[in-house]
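Student: Just need the whole structure built from these sequences, with the hints factored in.
Line by line, the protein sequences are chains R and B. Numbering-wise, numbering that gives the first Met the number 0 puts 32 at position 33 of the first sequence, and it's gapless, one number per residue. Numbering-wise, numbering that gives the first Met the number 0 puts 85 at position 86 of the second sequence, and it's gapless, one number per residue.
Any copy will do: because identical chains look the same in the list, a pair fits if it lies in one copy or spans two.
EDC-like cross-link-like pairs, simulated, lysine to aspartate or glutamate; straight-line CA separation at most 16 Å:
| no. | residue 1 | residue 2 |
| --- | --- | --- |
| 1 | K367 | E307 |
| 2 | K115 | D172 |
| 3 | K112 | D172 |
| 4 | K115 | D165 |
Think of the hints as simulated: they come from the structure by calculation, not from any bench.
The chain contents come next:
Protein chains: 2
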Amino acid sequence: MSVVKLEASREWIRTELDNVVDFWLKYSHDTVHGGFFTCIGRDGEVYDELKYVWLQGRQVWMYCRLYRTMDRFRRPEILEAAVAGGAFLRRFARVSAAGGQWKCAFCLSKDGKVVKVQRTIFSECFYVMAMDELSRVTGDEDMQLEAEQMMEQLIYWVRVDSSGLDRPQHPGDVPTNSMAVPMMLLCLVQQLTEGRGPEVVQKYRELGSWCVQQILQHIQRDGTAILENVSVEGAELPGCQGRLQNPGHALEAGWFLLQYSAEWGDEELRTTAVNKFVELPYQCGWDKEHGGLFYFLDVEGYCPTQLEWSMKLWWPHCEALIAFLMAYSHSKKPELLERFCQVYEYTCSHFSDAKSGEWFGYLTQEGKVALDFKGGPFKGFFHVPRCLYMCERMLDDLLAKRD
Amino acid sequence: MSVVKLEASREWIRTELDNVVDFWLKYSHDTVHGGFFTCIGRDGEVYDELKYVWLQGRQVWMYCRLYRTMDRFRRPEILEAAVAGGAFLRRFARVSAAGGQWKCAFCLSKDGKVVKVQRTIFSECFYVMAMDELSRVTGDEDMQLEAEQMMEQLIYWVRVDSSGLDRPQHPGDVPTNSMAVPMMLLCLVQQLTEGRGPEVVQKYRELGSWCVQQILQHIQRDGTAILENVSVEGAELPGCQGRLQNPGHALEAGWFLLQYSAEWGDEELRTTAVNKFVELPYQCGWDKEHGGLFYFLDVEGYCPTQLEWSMKLWWPHCEALIAFLMAYSHSKKPELLERFCQVYEYTCSHFSDAKSGEWFGYLTQEGKVALDFKGGPFKGFFHVPRCLYMCERMLDDLLAKRD
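Tutor: Structure, rendered in structure tokens:
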């Protein structure tokens, strides 16, 4: 890939990030009740007013990250939106659970009434991300403390006792190491420690290392496949659940591991991250006929039971762009830049909507838009801007070094 | 549609029913642990051994129904399979719940260990269907009593107190009349009363009438649309949930109502069933470009948030075939027979697999096979054989009258 081509992609990415930020600033703010609408149609119309807590937390996080680290986004309306979103979350998202613990709701009405609480840890994770990043912008130490307290509870649920999550245990329900859990915790460790002193780094050091080991357990079948769910001992599970592959998720794990390996100077982990979590998911997950990454696959080649298995979703492509560019930045292997380029071409031409802004989220296997909204219960202001933000910064670094 | 064409379709349906029964007899029986495998691949291979209770109950019911009412299926291996399936269900599916109540598991391991329990009523509904139909074949009165006892509990959950289902109530979670609940109970009323004495009919009469009223609440927007979820007062709900349409489900409700109206001689209900629950879902749900019925639609024309909204699933087409043929049988309107013919042509040519038997379940909008298995977590021995069985009998009646 030539420097000219890299420069052109940086230019497109930078403009696209501006446009995507403008889209959400324009259409997603609930100026009456606070928080963000995330069910936003093709042309910006709000088609449902429910407020999904994952997406509330992610939008607060993303606004703050842009405000804090990119000069052109250090704008008052971005800070104000993040602060208002954080206030909405603090006021409405936390619900008391068994044993004096705090859970976060999964879904709220527009005025903050709890609609649904999931028996997982993810709403709480995005709450922590939002509070920590917001505290970095506002300097609110109480907020940072609250993020750390919620983090302690997450660690307790995952590593000590999950009964506070209210998940019934059944004799046939085999305990599982689902890759999402250590990935999410590793992401939070990186969030909470970034740029903070050695005391905080030390506090989360063992947890980070544990998360990495848990993620590495997903390398299966003599190192030839990343499987989404394994036993807690790190063995393959029977049936569809055990054979499931989620290439986009593995690629996301790949760049989490790359960041971690860079931070700790762990060469071996870097090699594993590239060879196993970046190369393998591409090899199995790229659709050689129509282009794009499959959503789910079965390692034995059976048809997955998820109806959307062959669809092309925006977020695996976002994660792939970050993973390939980061892997290239670390290793300088030209084929990784070629892969970045390939995913970039597919992504620009299929997901981005030049007419009304933002990206479509869901395409058919053949690449046709299958669902035309820009935001929905699981698509908010997160994967697209995070990808564009990270790629812009990595391209800046790469191009600066080439100059 | 000519008599010759009707005769040809009856011939195809009869042969297809034989083949489908053979497919499940051959591939689905677990002769070691009892019960049925339902995750069955394109060519008959078992690709997952989990046992989904809905599908266990449905297979017992279908085997018994065929054995009891169609001479050519009064075969010992069908009865034996049903009895073994019923024994597996009685032994493993029931789990004790709060307050001395019984729940049924949603999913079991192959040897009967509970994997998952849903906080809905549907596993229990299919348990009742299985036990009642099995008791009709075996003459086991205890079993019939057990079916009625479980039915009492279902009625209590739906109409008196749902706390036994263990669903947390949240302030923003508005109580909903979801069409599945009264449909399922109406189906059970018809199951439990069919051919039984006036005492039993009387026992469930008020419930049947209540179910019908609950279903009729789903006629919305001045009679122009069937909506899947309404408020308990019968008003439209806000947002995506309130605007959701499920044409196949409405068509299934249509033929439930037609059966009920015939039983009670209710002319007005018959007209409503045809005009609202058979005609409207076809008008909104038929894909004029590619053929087939959409899975989900939004009454305002927004894109549904269900990723599979535009896919063509086998079961809505099964329900449509029954609904159109029954509506024609009752009303003799020729356009209803034309609709039957249209759905029949699409179904034969797209879902049925002449090579390896049974039907594919999931097609893309364009009609390509998207998931190639014959059985899965939600596709078992039920919609296809029930459709073929009912259509064969209705065509027998229609053709006998024409002779």
